[in-house]
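Make the full structure from the sequences, and use the hints.
Each chain, written out:
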Amino acid sequence: MYSNSLEQANGNIKQQTVLMARCLSQHKLMDAFKHASNMLSELRNPLLSPKQYYELYVTIYDTLTTLQQYLVENHKTKHHLTDLYELVQYAGNIIPRLYLMITVGSAYLYIEDSPKLAICKDMIEMCNGVQQPVRGLFLRYYLSQRTKEFFENGVIFIDHKSEENIDKIFKIDFITTNFIEMNKLWVRLQYQGPLKEKDLRTKERKELQVLIGSNLVRLSSILELSDVDLYTENVLPRILEQVVQCRDIIAQEYLLEIILKIFPEEFQISGLTKILECSLKLTPKTSISKIIITLIERMILFKKRSADYTDSSVFNKIWSYLVTLDEERPDLPIKEFILIISSLTQLVQLWDAPHPYINLDSLYKFIFYKKDDYTITEETNNMLKKLLLISSSSTNDFFGENIEFDAAKTTDDLYFNLITKCEYYVELLVSLSNEQLKIDTIETIFHTIFDNSNKKTSKYKISNKDHLIQFTKMLQPCLLENCELVSKFFHLIKNKNLQTQFDLLNYCHNWIISTNSNRGYILESLIVEYWKLIRKYCKKINTKSPLQKSKKKNETLTKLHVEKIDSATFIKQFFKTIGRCIQEIPNAEIQFKMNCTTASLADQLKLKDLSYDFFVNAFINFEEMSDSQLQYQSIVYISQCLQKTRSLFAFEKNGENKSLSTAQNESNYYENLITKCTLYGSKLLNKQDQCRSVLQCSHLWWCTEVPALGEEEGVTGSFFRDGKRVLECLQRSLRVADSVMDNCTSFLLTVEILNRVLYYFIHGETSYVTIKYCNGLIELIKTNLQFLERETRMATTSKNEIENSVLNHQADSNSALPSTSSSAEHHANFLTCYGIGIDGTIIKSFNKQESSKLSDVLFGKRLHQNEHDAIDKASAQKSFASIAKNNRIPIEFFERTLNYIKLQRTVDDRFKLIAT
Amino acid sequence: MSSRKKNILKVIILGDSGVGKTSLMQRYVNGKYSQQYKATIGADFLTKEVILEEDEESGNQGAGNFASATAGDSNNVKSNKKTATLQVWDTAGQERFQSLGVAFYRGADCCVLVYDVTNQKSFEHLANWRDEFLLHANISSPETFPFIILGNKIDVDDSKKQVSTRQAQEFARNFSADVASSASDNNSFGVPLFFTSAKGDLNVDAAFQKIAKSALQQNQYDMENNAFDDEEFNDAINIHLDNGAGSCQC
Chain A
1 MYSNSLEQAN
11 GNIKQQTVLM
21 ARCLSQHKLM
31 DAFKHASNML
41 SELRNPLLSP
51 KQYYELYVTI
61 YDTLTTLQQY
71 LVENHKTKHH
81 LTDLYELVQY
91 AGNIIPRLYL
101 MITVGSAYLY
111 IEDSPKLAIC
121 KDMIEMCNGV
131 QQPVRGLFLR
141 YYLSQRTKEF
151 FENGVIFIDH
161 KSEENIDKIF
171 KIDFITTNFI
181 EMNKLWVRLQ
191 YQGPLKEKDL
201 RTKERKELQV
211 LIGSNLVRLS
221 SILELSDVDL
231 YTENVLPRIL
241 EQVVQCRDII
251 AQEYLLEIIL
261 KIFPEEFQIS
271 GLTKILECSL
281 KLTPKTSISK
291 IIITLIERMI
301 LFKKRSADYT
311 DSSVFNKIWS
321 YLVTLDEERP
331 DLPIKEFILI
341 ISSLTQLVQL
351 WDAPHPYINL
361 DSLYKFIFYK
371 KDDYTITEET
381 NNMLKKLLLI
391 SSSSTNDFFG
401 ENIEFDAAKT
411 TDDLYFNLIT
421 KCEYYVELLV
431 SLSNEQLKID
441 TIETIFHTIF
451 DNSNKKTSKY
461 KISNKDHLIQ
471 FTKMLQPCLL
481 ENCELVSKFF
491 HLIKNKNLQT
501 QFDLLNYCHN
511 WIISTNSNRG
521 YILESLIVEY
531 WKLIRKYCKK
541 INTKSPLQKS
551 KKKNETLTKL
561 HVEKIDSATF
571 IKQFFKTIGR
581 CIQEIPNAEI
591 QFKMNCTTAS
601 LADQLKLKDL
611 SYDFFVNAFI
621 NFEEMSDSQL
631 QYQSIVYISQ
641 CLQKTRSLFA
651 FEKNGENKSL
661 STAQNESNYY
671 ENLITKCTLY
681 GSKLLNKQDQ
691 CRSVLQCSHL
701 WWCTEVPALG
711 EEEGVTGSFF
721 RDGKRVLECL
731 QRSLRVADSV
741 MDNCTSFLLT
751 VEILNRVLYY
761 FIHGETSYVT
771 IKYCNGLIEL
781 IKTNLQFLER
791 ETRMATTSKN
801 EIENSVLNHQ
811 ADSNSALPST
821 SSSAEHHANF
831 LTCYGIGIDG
841 TIIKSFNKQE
851 SSKLSDVLFG
861 KRLHQNEHDA
871 IDKASAQKSF
881 ASIAKNNRIP
891 IEFFERTLNY
901 IKLQRTVDDR
911 FKLIAT
Chain B
1 MSSRKKNILK
11 VIILGDSGVG
21 KTSLMQRYVN
31 GKYSQQYKAT
41 IGADFLTKEV
51 ILEEDEESGN
61 QGAGNFASAT
71 AGDSNNVKSN
81 KKTATLQVWD
91 TAGQERFQSL
101 GVAFYRGADC
111 CVLVYDVTNQ
121 KSFEHLANWR
131 DEFLLHANIS
141 SPETFPFIIL
151 GNKIDVDDSK
161 KQVSTRQAQE
171 FARNFSADVA
181 SSASDNNSFG
191 VPLFFTSAKG
201 DLNVDAAFQK
211 IAKSALQQNQ
221 YDMENNAFDD
231 EEFNDAINIH
241 LDNGAGSCQC
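The listed protein sequences derive, respectively, from chains A and B. To convert, note that position 898 of the first sequence is 898 in full-length UniProt numbering; the numbers rise steadily by one, no gaps. To convert, note that position 177 of the second sequence is 177 in full-length UniProt numbering; the numbers rise steadily by one, no gaps.
A hint or two may mislead.
[Stated by the list, open to error] The calculated DMTMM-like cross-link candidates involving lysine to aspartate or glutamate, where the alpha carbons are at most 20 Å apart (straight line), are:
hint, chain 1, residue 1, chain 2, residue 2
1, B, Lys48, A, Glu149
2, B, Lys38, A, Glu152
3, A, Lys385, A, Glu427
4, A, Lys304, B, Glu170
5, B, Lys32, A, Glu427
6, B, Lys32, A, Asp227
[As the list claims (entries may be wrong)] To spell it out: a stretch of chain B is covered by chain A in this simulated footprint if at least three of its residues, at any positions, have a beta carbon under 8 Å from a beta carbon of chain A; those stretches are:
hint, segment
7, 126-138
8, 159-168
In short, the hints are calculated from the structure, not lab data. All residues carry an ideal CB built from backbone N, CA and C; glycine is no exception.
Following this line, the structure appears as structure tokens:
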């Protein structure tokens, strides 16, 4: 009888254990057997779940161990084990009977002269008597546990040591037989009981699986490394036969996983083909990918542990398997294939390093064509994304080692190599049917490449056309979506041969043009690459020539000559390409800026004709602009560019070896351009803009030093300066300022002009900008101020007092800060810092301080805006708005200038003559 | 208890997968080490006969004192040498493979927690393993139950080590702080800590000597406290030998 509850059963087992121990101490063996049998009856309970059954089993096992110890110790002295083996056969119930029989039988195995073979055979034979799955499984597990020690510790079942192998085969046969029977019981359990309990059966079976697996563990512990052939030819085929024949999903998946995990890697490699073949014969619903992935992970770990091991056949075996799988299992979902390929790519990376790309390409090619046979779902797309990002992480931490692959970490250049070396990697990526997913994937890949290319300067450059074609093919989907990415990508293009580099850039150019894309910004960044190329090219020619001269004089001279002509045409070609690019930009403002900067670059390279043409283009762009604000800013921009040019004018003195006419023509370039610029400025719609533009343009006749060119004020003598024209500009802007309707604005503009007049005065233009002129201007402003004050006093007498105090306060604070420079100096700073960087970019020459000054100037400009200016009204600053509303005179600007003059007197005597 | 000449001492080895539980057991029981990696599924044991010297205090290698030592010492003052069968249970580090549960924790006399000195996580998980063990082992007095910590793989290069000796000692010293119930008199006591290498055969025997000793003390302590009163089962009323009327014959 067995107990009704687990608790009772445990109690009973405890009780019987104590009673049995007591009997044994009194040498009442028969009674001891009775108690043991009582205890074992608990294992007959059919209602126990596998876990409960195991709980009882564990306790009973311990008790039976005590019994077995007694039996071994008292063999021969009190009883003979042969007799006992007979005796226990008389137990009424089969479960207690067989447990006792195995206990006695295995005790007998400890005795030296016992008939071990016969005992083992008999015990396993008798186990057939129990066919109820759970009980049968535990009974056979008991047999396995009791015999384990003999098997593992090499107790020989034969007489002669020379027949060791026979001994081993006997053990293998014994364990395998037990395994086969257990597997059958296990599978049969699935079909027991009512159909509605199917899930419960599945759960129970999964709990019991470890019992079946334990047999394979035994086999694994018996086989030594030298038994690899025995494993491959004997053990493995027999196990696999069972795996295939049982036609049971749980059994197939579990057993194959166990086989792959409990046998050493050497065995796995040897048995690889057999396992693969087996996986082709599984039931249709068994997950092939699970098995193959486990197998591959094992290979990966093996390679990690023993890096020296090389065996190229592993990939070939799996590859031909894949081909067969493709043919034989058209029913397999694409998911399975993707999973297998994913993990296989990781294997290939490791096993075939450092040249895994041919094999990798085969894998991508396989999946590329394979996916055409299926309808692609979101899930498939996501899996393909994972495959492409090499980011599949193992769900398996069974080996306590990290199998995760982080593509970015493991191999820095992985993506780069995949794109350039695996044709089908790109094909597969581009063929993703979900656009957003595709772009996300591409972006991820590129960001990794960018990050890596930042780390190391030399590697990861696109230096040949084939690579470039691959990259552009991949970037195609991003062309419309992500300009930034494409722009960044251009930076990767680098070839030391500049001619090739030029070809590569041209390829990109054609690529952009051929796709009707949002080309403006992309072309902009491509032009920057062309600028870089030109700079590099010129630098190379300049450094090359002296070296060659020193080598062979006569030969190289002619060669050099040829080269120089060549290089001249090249450079011309470069610029022409840029010109074409600029024309293709669909935005006049960007075109204008590009033209200006390119013109500056050409000027710096002393290519005056080209420079001139680009400036002319810039003016054409200017004419296309309709926004007056933009036009004003453009005048400021181009005048800055022009002021820095050096090649556009030629001094007659230097033009000795040129004909007079060309020299004159060339000097006209600059004159033409600056006159045009000033003219455009004076024709702007808004009078303030006119005034300020012309004021700004006055600098075009007053060249200032560019330290980067080695110029220095006072040392360099060849500055282009024309005081007369400067004065003309000043006069012109003064006239405009005077004609402005609003008195306040007019006043402001006049102060600005005074500031600039002082600038020229300080910087040595005294022949036209005289002390008298300065004084006259100040006088004019003061007179205007009187008018203004009278005007406002009548309008707002009541507010006067408050305002005065405010103004005084401001004046105080101004004088308290003597370092506050005039706005003229602000402008001067602005001019010197704003320009083209050495690398051809516009922004680079700013540092923080300077750019803040720049914004000051721009901000100041806004402050001065007329309230009637419709365009700027909305954006006008609050302070300015309040000035305009109250009709307050911006006297502080004038005060500041006067203060400056006063301060200047301490260092410059001339200022004493200027009346404040 | 005099009838039981040999004690069976049950020792459970726990720890993350890959820390070397099987290797340690194989090294100790069979004196073997294999470079090959074979995963463990489920749980199984190996046995080894041990001879223990009772009175001699051998715990120099360990960090801290073993609290239940007093209980064990008082019990076996007379015998100097004692043989016992050590039943060493090797377990799968991955729970998935303990599909039948951990009923075998019950009746354990000592629990060995193993971590890999080159794997920080395996060290961090020790507390989880301890709690897991106490939860399922049905221990009568967890505060005095003997645990032993082994930091395995010390043969590897120092550069690969992730867990410092100090960290481990700290953990061993404060081991019971969160186990000990408030009723316990011991403010805090440490557990022995050994640095071992199954591969290099470093310290393995010493560690298992300590394990066996602790297990024996625990075993005898349990016998003292939980031994069935002889009166209880005097009349074996419930004994039915082979007379299960109405039950089937299998």
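Here's how the hints hold up against the structure:
no. : hint                : verdict
1   : B:Lys48 x A:Glu149  : holds, 11 Å
2   : B:Lys38 x A:Glu152  : holds, 15 Å
3   : A:Lys385 x A:Glu427 : holds, 13 Å
4   : A:Lys304 x B:Glu170 : violated, 33 Å
5   : B:Lys32 x A:Glu427  : violated, 53 Å
6   : B:Lys32 x A:Asp227  : holds, 17 Å
7   : 126-138             : violated (count 0)
8   : 159-168             : violated (count 0)
Checked against the numbered hints above, the structure violates hints 4, 5, 7 and 8; every other hint is satisfied.
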